[in-house]
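Engineer: Now for the letters of each chain:
Protein chains: 2
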Amino acid sequence: MHFVIIGGDAAGMSAASRARRNAPDMRITVLEMTRDVSYSACSMPYVLADEEGDMDALIMRAPAVFREKQNIDLRLGHRVTSIDARAKRVLGEDAQGQAFEIAFDKLLIATGSTANMPLIPGHNLPQVFVLKSLDDGRRVAAFIGDNKVKKAAIIGAGYIGLEMCEALTERGIIVQLIRNAPTLLPWLAPELAGMVEKTLIQKGILINHGCTTERIETKGERLDICCREACFDADMALMAIGVRPNSFLAKEAGLALGASGAIAVNRCLQTSHPDIYAAGDCAESFHVVTGEKTWIPMALTANRAGWAVADHITGRPVRMEGVAGTGVFKIFDVEVARTGLTLKEALRAGFDAVEVVVKSYSRAKTVSGSKPVWVHMVGDKQSGRLLGVSMVGQDNEARRINAAAVALHGRMRVADFSTADLAYAPPFSPVWDPLLVAANQLLKTL
Amino acid sequence: MHFVIIGGDAAGMSAASRARRNAPDMRITVLEMTRDVSYSACSMPYVLADEEGDMDALIMRAPAVFREKQNIDLRLGHRVTSIDARAKRVLGEDAQGQAFEIAFDKLLIATGSTANMPLIPGHNLPQVFVLKSLDDGRRVAAFIGDNKVKKAAIIGAGYIGLEMCEALTERGIIVQLIRNAPTLLPWLAPELAGMVEKTLIQKGILINHGCTTERIETKGERLDICCREACFDADMALMAIGVRPNSFLAKEAGLALGASGAIAVNRCLQTSHPDIYAAGDCAESFHVVTGEKTWIPMALTANRAGWAVADHITGRPVRMEGVAGTGVFKIFDVEVARTGLTLKEALRAGFDAVEVVVKSYSRAKTVSGSKPVWVHMVGDKQSGRLLGVSMVGQDNEARRINAAAVALHGRMRVADFSTADLAYAPPFSPVWDPLLVAANQLLKTL
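Those protein sequence lines, which keep their order, are chains C and Y.
Note that the first sequence covers residues 1474 to 1919 in the numbering used here.
Note that the second sequence covers residues 1474 to 1919 in the numbering used here.
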């Protein structure tokens, strides 16, 4: 059996390693177009925050380890240009321009996602960056190091954009945040988003809402980032307006894509061709709340899906229950966490959804260090089910969200969740955990 | 309807307040034998840690508020001495020694628990304390304040004993911890207990294991706390060897007690007499893992049970699903958390239980501040169910335990829990949360 994997990051290398453990004699080939495999992309802002930070420290396992210890034929600089699904082979070109053609018994497409870059005038200037691959990170680090950057523009305010606000501020760089939407984090309730925005402003981030960047111009060695209404000067610009799935290869091979544009897969991660799998950022997954397909590219999902593909091709039972859309990030001393559906998403999915927004506290009021915690909780009037939770706090709140995520996996009703025996001790929580306070409030509306 | 409540702390006052909300015209009488109601007993160590600490700041709501704002007939200094279940009345004595007799339609026994005090020679010396009621706290605070305490002996190493190790150390007092068991926290796996013990030793706590205190003697103004093998000198001694339920009144009234000695109740918190309820530390509850009755006195359980009693007597549906035995505490910079059953408890409950002990990390290795986290996880080979988790860490791990607690409420299998979409961001967790790492390991043994 020859197991070929396109893409050597989270999903791809997890699949390769697990397949090797499951099947010591399997022939495993990984084709990676860059020179990097298996790195922690999510950690790049934290490396960039540190003047001494080393991007290469994010490499979790070196190529040599995969090759020598795990007998995985890992080929770097190998770009697959097409998949012949019928003949079960992939075609491509290596770093030297040599064509290659490789036959497979089972194929995994783990091509990840690509940072969006609008093709506006100036998008290809050398001072304009995205932050997705490790090479992107190296380029940003080198530019900041070489050019005494004093001011940076960040276009977009998703996870990466906001994390980079903190990272660049840590480096003493003034940050101009340029957003096309009229509010920050529009998927959060206003009370929660307000707490984030307040912190950004307190930390000196310049925020311009409602500005759609139309062009980027050079102004000497500097840039002018221009919306219709105004231009903002900066030494560099970071485009952080989300990612899209790398599903082009799959589409060209005639494999089905989902409504999201990512590769459609079943609960065993098979594409529309049973010998071809897809996993990680390029593939869809199922949402545990809606039961429908969704596309929420996350590192844990990719790792887990990689394992599952390896299990399935080695004959183990696999059924992906799906994702809850759990996500968390911090900006300065504020933490934002979410799991499940927002009210808008819940209504769109057909639920009879209701919400509460509750302010609570991180610790008992009797001990020092207690901070406000905002909880937004969404439930279904018809079934009583818990549908989603988001939280904003400042006292290590992020991990609290996991209790709600598990409840979503368990398809719990709000009433059941409200009876959960959550931990209480004064330094960690009020007697009623903020999540329980919210659940008790939400119950009144169900 | 006259609703009479014996005991005015967590369960009693929660029931009184909720009954008032549910039934604006109900006659509600609370009989509290001390002068304090509704205070955060769990916070006493944190007040004692602070030289300026004010015990009275732990009173959550003053008696006048209950009386005036909620029209609750709250009588302090009223000790109930007997319950006539057949005639539906309680008898007792007030602070002036006047007898009283009060008829009830519904009665709640919320008499709490009492700190254990072995009747060894010297147990009643004025330098020997327990820490259970607010008056206990006031006595300890006054003694430390008035007597320039340089060294204290803590007898027992449960939650309170360990929290007091930290509190007294904060006050510059040398702490001698005297334990009868041969190891610290015997319900924890050795790796986890070892991390706690190491911290205590590093912080200068003197620990003597395997010493059963047999007598306490005065030595001038100081004490000698004596085991068979040795005596330990100290300026004061704190007995912290657990609590027992105050179920004597109920027993004398002919109400059934459980095997634990606490008052037996059904899932609506009714005792063996349908018009008499029991809630809080004096009552049993159901364990969500075993389905059996248990006695785990905790603040959240008491608050929740108080609400449930009020709901039941005002005609609302009530069914107590039970407790998971979730508990958490910190000692210096170490946090200990647990939920569900230990291996021993699981085997005793008849499960085909297996365990794993896994060392993991609190954050991604790529960011600073990551600390070791030990996870002990127990599962059932036959059903695959998750039975219990305990954790020890140093980086705000306590709240992680809630994810496992919710899984226990959802009666999840380890396999289901292992697929949970838990939050990942480098400052909060590795890609695989420590709980998921443990679940993946445990799966291999199931």
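Among the hints, erroneous ones may be present.
Because identical chains cannot be distinguished in the list, a pair is counted as satisfied if it fits within a single copy or across any two copies.
As the list claims (entries may be wrong) - With a cut-off of at most 30 Å between alpha-carbon atoms, the simulated DSSO-like pairs for lysine-lysine come out as follows:
#: 1; residue 1: Lys1724; residue 2: Lys1676
#: 2; residue 1: Lys1676; residue 2: Lys1844
#: 3; residue 1: Lys1621; residue 2: Lys1838
#: 4; residue 1: Lys1766; residue 2: Lys1621
#: 5; residue 1: Lys1917; residue 2: Lys1724
#: 6; residue 1: Lys1724; residue 2: Lys1621
#: 7; residue 1: Lys1724; residue 2: Lys1623
#: 8; residue 1: Lys1844; residue 2: Lys1803
#: 9; residue 1: Lys1676; residue 2: Lys1838
#: 10; residue 1: Lys1803; residue 2: Lys1838
Read the hints as simulated data drawn from the structure, not as lab findings.
Engineer: Within a copy, between copies, both or neither: where do Lys1724 and Lys1676 come within 30 Å Cα-Cα?
Structural biologist: neither (45 Å within a copy, 62 Å between copies)
Engineer: Cα distance capped at 30 Å. Does Lys1724 pair with Lys1623 within a copy, between copies, both, or neither?
Structural biologist: neither (43 Å within a copy, 76 Å between copies)
Engineer: Please work out whether the CA atoms of Lys1917 and Lys1724 approach to 30 Å or closer within one copy, between two copies, in both situations, or in neither?
Structural biologist: Neither, since 48 Å and 37 Å both go past 30 Å.
Engineer: One pair to classify: Lys1676 and Lys1844, alpha carbons no more than 30 Å apart. Within, between, both, or neither?
Structural biologist: Answer is both; intra-copy 18 Å and inter-copy 28 Å each pass.
Engineer: Within a copy, between copies, both or neither: which one fits Lys1621 and Lys1838 at a CA-CA cutoff of 30 Å?
Structural biologist: Between. Shortest inter-copy distance 29 Å satisfies the 30 Å Cα cut-off; intra-copy 46 Å does not.
Engineer: For Lys1803 and Lys1838, with the copy left unspecified, which applies at a CA distance of at most 30 Å: within, between, both, or neither?
Structural biologist: Cα proximity of Lys1803 and Lys1838: in one copy and across copies (24 Å, 17 Å).
Engineer: Given identical chains, is Lys1766 near Lys1621, meaning Cα to Cα at most 30 Å, within a copy, between copies, both, or neither?
Structural biologist: So Lys1766 and Lys1621 fail the 30 Å test inside a copy (46 Å) and across (67 Å) alike.
Engineer: Checking an output row: Lys1724 and Lys1621, CA cutoff 30 Å. Within, between, both or neither?
Structural biologist: neither (43 Å within a copy, 79 Å between copies)
Engineer: Within a copy, between copies, both or neither: where do Lys1844 and Lys1803 come within 30 Å Cα-Cα?
Structural biologist: both (15 Å within a copy, 18 Å between copies)
Engineer: My question is about Lys1676 and Lys1838: at a cut-off of 30 Å on alpha-carbon distance, are they close within one copy, between copies, both, or neither?
Structural biologist: The answer is both: 27 Å in one copy and 27 Å across copies each meet 30 Å.
The earlier numbered hints that this structure contradicts are 1, 4, 5, 6, 7.
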